[in-house]
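The primary structure of each chain is shown beneath.
Number of protein chains: 2
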Amino acid sequence: MAVHLITGGAGFVAVNLTRQLLQRGESVLAIDNLSRGRREFLREFSNSNGFVFVEMDCADGSQFLPLIESFHSRQRISEVWHLAANSDIPAGVSNPRIDLKDTFLTTFETLLLMRDLEIPILHFASSSAVYGDLKDLAISETSGPAAPISNYGAMKLASEAQIRAAAECFLERANIFRFPNVVGTPATHGVILDLIRKARTTPSGFEVLGDGTQRKIYLHVDDLVEAMLCIRDQSKDRYSVFNIGPSDDGITVREIAESVRDEVAPHAKIRYGVGNKGWVGDVPTFRYAVEKVSSLGWTPRLGSKEAVRGAVKQIAAVELR
Amino acid sequence: MAVHLITGGAGFVAVNLTRQLLQRGESVLAIDNLSRGRREFLREFSNSNGFVFVEMDCADGSQFLPLIESFHSRQRISEVWHLAANSDIPAGVSNPRIDLKDTFLTTFETLLLMRDLEIPILHFASSSAVYGDLKDLAISETSGPAAPISNYGAMKLASEAQIRAAAECFLERANIFRFPNVVGTPATHGVILDLIRKARTTPSGFEVLGDGTQRKIYLHVDDLVEAMLCIRDQSKDRYSVFNIGPSDDGITVREIAESVRDEVAPHAKIRYGVGNKGWVGDVPTFRYAVEKVSSLGWTPRLGSKEAVRGAVKQIAAVELR
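Residue numbers (our numbering), protein chains in the order written: chain U, 1 to 321; chain Z, 1 to 321.
Since the hints were made in silico from the structure, they are not lab data. Treat the hints loosely; a few may be bogus.
What the hints assert, rightly or not - Distance condition first, Cα-Cα at most 27 Å in a straight line; then the derived BS3-like pairs of lysine-lysine: (1) Lys198/Z <-> Lys135/U; (2) Lys292/Z <-> Lys236/Z; (3) Lys198/U <-> Lys292/U; (4) Lys236/U <-> Lys292/U; (5) Lys198/Z <-> Lys292/Z; (6) Lys198/Z <-> Lys269/Z; (7) Lys236/Z <-> Lys135/U; (8) Lys135/Z <-> Lys313/Z; (9) Lys305/Z <-> Lys269/Z; (10) Lys135/Z <-> Lys135/U; (11) Lys269/U <-> Lys236/U; (12) Lys135/Z <-> Lys292/U; (13) Lys305/Z <-> Lys292/Z; (14) Lys269/U <-> Lys198/U; (15) Lys101/U <-> Lys101/Z; (16) Lys135/Z <-> Lys236/U; (17) Lys313/Z <-> Lys198/Z; (18) Lys269/U <-> Lys305/U.
Said to hold, decoys possible - Facing chain U, according to a computed beta carbon distance under 7 Å, are these residues of chain Z, among others: (19) Pro145; (20) Ile149; (21) Leu157; (22) Gly205.
In this text, all values refer to a predicted model and were calculated from it rather than measured experimentally. Where is the CB? At the ideal position from N, CA and C, for every residue including glycine.
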């Protein structure tokens, strides 16, 4: 069976992906610097023979390469899921070095490693943020020119550019997944978690960034992982880019806040801010064209509304404990 | 008069730009780590009051920021020409850390500096290499998606992505110049210099990478600098991208080799290699749509053929000394 290296292996998406890979009987080497991922998320895999976790920063090539090389010499890694990144967009706005190191340099070092160890297949977690604030009715993989307006989106696009060049040079296959907002458990950050915490702290009322009209699309992590595996199994191109998301027109921050209120603090008064951007570089609205991944046979089980409602219930239940 | 900071200030393009800026009566602070640029190129400015050169690596933020800050407190810098980059594409193929440091991290540190010192205007030397091997008849600024096939092109596109995000956040104006192959003096690298040196070393015959059918467009540096200044004076958008080049369909490597032979070693036999790519990541053919810069009133004086012929004569004359 295949041996998978997952960077950012203790993060939200990685944990859900690992669960599916192990169920398929495959092996996973997860590495994570635990800056946002958490060791406790991996507890469910502790009795699994096919699972190994190493705490390590993959932006540090001098540590990363020798360690993976030693593992690789015993158990040949056939593909890499590069999920390590700074997922906290506002943090990258205030300190661009975070996005540089955690999002860009992790990609750079992962590619060097793959070249040196001759690992042929890469799957990369990119983002809808690479597109920026396009005025297209529906954003497809060829929409553009890609013009990211956040440092986060810039470092994701910058990572894609490196991978594109590596696909010309030494990779046999590279799948680029452009994620929308993804929700579910174990949540480490994001609007739902923030609002649940606020509502729990002050059940009488809580504040929302922006005026609440901001509309975005959301995908449940279960649907995301299914799409990633569908692409992994079926796409044979040397380099391909896939939007992954629902095809609906999303859900507003107001609707999310109301979902949280209904679940966590039914008597809370929701206070809204001004403007429809939550922070500099936040993209207010878009729709996703997902015909390309649909043509491989994948469709999401949940639309944006159902994904958010489901995630609110799941996160609220976990956060209660 | 404006005070200009030029990174890569001892390089080929920078020297030609500096000459024009000083002639306009403006001031130039040139910085360069002298990895490819040369101090001797700056000799002509040594009696100029408006010119200061500092040897420094702008990828090293801990050195770069304090030095520029101290200068800036005495003479306010109003715009930056970020020309520092690794221009040796094959070097970046064999060691990607060169492109990372010299092309990408120089951009990262330049942007941090501009944010911290509140310098509002950036001009950036990008490249046609960001497009990759597009099949378009003529490549315009909105052609794409940009899919660089060299590490060099990837780091230029990655730099553009960062600048795009910075334009959203703190820059007042950013002009992205996508250069084609640029020729003229003082040459530091490139096909003409390589062939002249080969022909001088063995006047009986010399070798050419690839089969000689590879066709590319070339711009003379005098035309390039005129275009950059035209855009600088006229473009007022917050973020804009310009192809700069001739609109012809270029010149083949065979024609370049023959120009060199005629100028330097009339009896040399030219030996060709195999294939139409000189190295991995080399883009064999393209044409450039330059309507956008033309609409500002610029047209090149020389087409690809004349630019190359002129440069062969200039470089051969300099290299003789």
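Taking the hints in turn, this is what the structure says about them:
About 52 Å separates the Cα atoms of lysine 198/Z and lysine 135/U, which puts this hinted pair outside 27 Å; it is violated. Restraint check for lysine 292/Z and lysine 236/Z: satisfied, since their Cα atoms lie roughly 14 Å apart, inside the 27 Å limit. Among the hinted pairs, lysine 198/U with lysine 292/U is inconsistent with the structure: their alpha-carbon atoms are about 38 Å apart, more than 27 Å. Annotation: proposed proximity of lysine 236/U to lysine 292/U holds, straight-line Cα distance about 14 Å (limit 27 Å).
At roughly 38 Å between alpha-carbon atoms, lysine 198/Z and lysine 292/Z are farther apart than 27 Å, so this suggested pair is violated. Straight-line distance between C-alpha atoms of lysine 198/Z and lysine 269/Z comes to about 12 Å, which keeps the hinted pair within the 27 Å bound. Of the supplied pair hints, the one linking lysine 236/Z and lysine 135/U holds, its CA atoms being roughly 21 Å apart against a limit of 27 Å. Proposed proximity of lysine 135/Z and lysine 313/Z is contradicted: the alpha carbons are some 33 Å apart, above 27 Å.
For the hint pairing lysine 305/Z with lysine 269/Z, the CA-to-CA distance comes to about 21 Å; that is within 27 Å, so the pair holds. As the CA atoms of lysine 135/Z and lysine 135/U are separated by approximately 25 Å, the hinted pair is consistent with the 27 Å bound. Only pairs whose Cα atoms come within 27 Å are accepted, and lysine 269/U paired with lysine 236/U is rejected, the gap being roughly 51 Å. Note on lysine 135/Z and lysine 292/U: the hinted pairing holds, with a Cα-Cα distance of about 21 Å set against a maximum of 27 Å.
Taken as a hint, the lysine 305/Z and lysine 292/Z pair is honoured in the structure, with Cα atoms around 22 Å apart against an allowance of 27 Å. Between lysine 269/U and lysine 198/U the CA atoms are separated by roughly 12 Å; this keeps the pair inside 27 Å, and the hint holds. A hinted pair counts as satisfied when its Cα atoms are at most 27 Å apart, and lysine 101/U with lysine 101/Z qualifies at roughly 13 Å. Straight-line distance between C-alpha atoms of lysine 135/Z and lysine 236/U comes to about 21 Å, which keeps the hinted pair within the 27 Å bound.
Between lysine 313/Z and lysine 198/Z the alpha-carbon distance is near 15 Å, which keeps this suggested pair within the 27 Å criterion. Proximity of lysine 269/U to lysine 305/U is assessed by CA-CA distance (about 21 Å); at most 27 Å being required, the pair is judged to hold. Interface hint status for proline 145/Z: upheld, as the beta-carbon distance to the closest one in chain U is roughly 5 Å, under 7 Å. The criterion of a C-beta within 7 Å of any C-beta in chain U is met by isoleucine 149/Z, whose closest approach is roughly 4 Å, and the hint holds.
Interface restraint check for leucine 157/Z: the shortest CB-CB distance to chain U comes to about 4 Å, inside 7 Å, so the restraint holds. The beta carbon of glycine 205/Z is not positioned within 7 Å of any beta carbon in chain U (closest approach about 32 Å), and the interface hint is therefore violated.
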